[in-house]
Amino acid sequence: MNKTKIVLVEDDEILAKVLHEELVEAAFEVALAEDGEAGLTAVRKNMPNLVLLDLVLPKKHGFEVLAELKKAPETRDIPVIILTVLGADEDIKKGLELGANDYIVKSQHAVAEIVEKVKDFFAKESHPEGKKPKVGDKS
Amino acid sequence: MENREKTTEQLKEDLRKTREELAIQKWGIEKTLEGMKVLVKELIQKGEEAEKAKAQDEALLASIGDGVIAIDMDGRIILMNKAAQTMLGWHPAELLDKSFFETIPIEDEKGKPVPLEQQPISRALVGTTTTGHSYYYIRKDKTKFPAAMVATPVIIDKKIVGAIEVFRDITKEKEIDKVKTEFVSIASHQLRTPLIGIQWLAELLKKEKLTDKGQEYLNDIRISIQRLNKLVELLLNVSRLEEGKIEISPQSIDVVNFIKKIVDSLAILNSKKRLSLTFTADEPKIMALTDVGALQNIAQTILPNATEYTPEGGKIEVKIKKHGRMFLLTVSDTGIGIPKKDQGRMFQEFARASNAGRIKAAGMGLGLWIAKQATELLGGKIWFESQENRGTTFFVELPLKSKSIDGTKKLV
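Those protein sequences? They're chains A and B, same order as listed. Those letters in the first sequence? Residues 1 to 139, by our numbering. Those letters in the second sequence? Residues 1001 to 1412, by our numbering.
Just so you know, these hints were derived from the structure itself, not from any lab. Heads up, a few of these hints could be off.
Claimed, not checked - A short list of chain B residues far from chain A (calculated; beta carbon distances all over 10 Å):
#: 1; residue: Met1087
#: 2; residue: Val1154
#: 3; residue: Gly1197
#: 4; residue: Leu1201
#: 5; residue: Leu1204
#: 6; residue: Lys1409
What the hints assert, rightly or not - For the chain A half of the interface with chain B, some residues (derived, Cβ under 8 Å), not all of them:
#: 7; residue: Ile14
#: 8; residue: Leu15
#: 9; residue: Asp89
#: 10; residue: Asp91
#: 11; residue: Ile92
#: 12; residue: Asn101
#: 13; residue: Ile104
#: 14; residue: Ala110
Where a beta carbon is used, it is the ideal one built from N, C-alpha and C, also for glycine.
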């Protein structure tokens, strides 16, 4: 079975390493990019099921990466979750406006929680709104 | 023969006498003339001295780097020095005798004109020496600059006859302040990333096989991380509050539950210090529309403070009461109290009570300042009553419905 592919764009090597290891342990396939431009290349090359995008990145800021991904028809539909350092920021609002599907505040979650969030995201994906199977639903 | 004709001798005598009187009078006149000359000389000299003094005063006034403006009781400008002219862009001829209030507008930081009665120079006219440092002067060309101003009344024979204002362009100082605040904001942001790294690694370490000692050290690392986190959050909040664009977005929460959770989080520390803690609310649930971040910053200062500054075996009482459109949170302790001489400045930035060092050697003195800012942003009031060595009670009164405020940053 094809593993779910994730592209992780994160410039801090420690955070990237930890997230990478834990996501791989959770049975995801993870490609790593450590700056904005490498992130764009990685997404175009891998066409993942999800992009985890840090915001403050060298070479190209996360917002620019997000904007470019959403502009190009091939990458437009790839879901993006932005990673921010602080919660309750204008960054989150801006990210969502630019087309991010969701956001994760790194400082507010343990790694395990973040992995859970990613898993939940894919669980919700396979049950898009309005089509949640109900008990007794025969369709 | 009659004595009508005087003898030659007698005539000579009369002539001699007249000549004598004339000489005396001439002498008198000469003396008076001399006296007058001296007087005129003195007057001329006094006149020159006065001119010199005036010139000196003018030179002094002109060389003062700060702007000086004097007005009379009717608000008319009677004096303006060179610095004032340069800063405001007016020529003195254009302003002398004109109304200060009509020609030199003052705005606040938000760009709103400052009402007449609040302007420092108006207040000086009624006798109050006033300082203002968040006002902007509007120049002749309609541009503006921030100014620090001090206005004092001019009193002659116990009556106020006018006012003088001395002011300075503080554009540079404001710039520096802004850069400083931005730096703190960026720095605390940057500090977060490695902090998160340590936290996550500690979390993963917990899953690894460690010796008992190892686990213990790991727990200590986690406690240290929490402390570091708190400090960084503190710095971040301070810089955000100083930048002044805090967003308040009220949500409906149960205040009783909210406070109870914080109280519970202090349970271990409280039992370690054998502190008895009672928590009472006059209703089991009190719903309020309030900003969670702001309320957190308030409660997370005054509750832990009570625990921190109360010696072993002491008592802490936390009460929540609803009254009218507000709710009141009181936190009383039997702690070391705040000395009277420190009480007036406790809500200032970096203020620490003089006896605080006994219990907590180093503290930044930011907690209460942040709590006060947060309280005011929510539309409430915070105050305390305290007696040294007896205890302190903090009161926080907040609206049940806080108004939302537009902003670009929230309190963490």
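These are the hints, each one checked on the structure:
1. Met1087: Holds, since 36 Å exceeds 10 Å.
2. Val1154: holds (50 Å)
3. Gly1197: Non-interface label on Gly1197 of chain B violated, nearest chain A Cβ at 4 Å vs cutoff 10 Å.
4. Leu1201: Given a closest Cβ separation of 7 Å, the condition is violated.
5. Leu1204: About 7 Å separates Leu1204 of chain B from the closest Cβ of chain A, which leaves it inside 10 Å; violated.
6. Lys1409: violated (7 Å)
7. Ile14: With Cβ-Cβ at 4 Å, under 8 Å, it holds.
8. Leu15: holds (5 Å)
9. Asp89: holds (7 Å)
10. Asp91: violated (10 Å)
11. Ile92: violated (10 Å)
12. Asn101: violated (22 Å)
13. Ile104: With a closest approach of 11 Å, the Ile104 of chain A hint is violated.
14. Ala110: holds (5 Å)
Hints 3, 4, 5, 6, 10, 11, 12, 13 from the earlier list are contradicted by this structure; the remaining hints agree with it.
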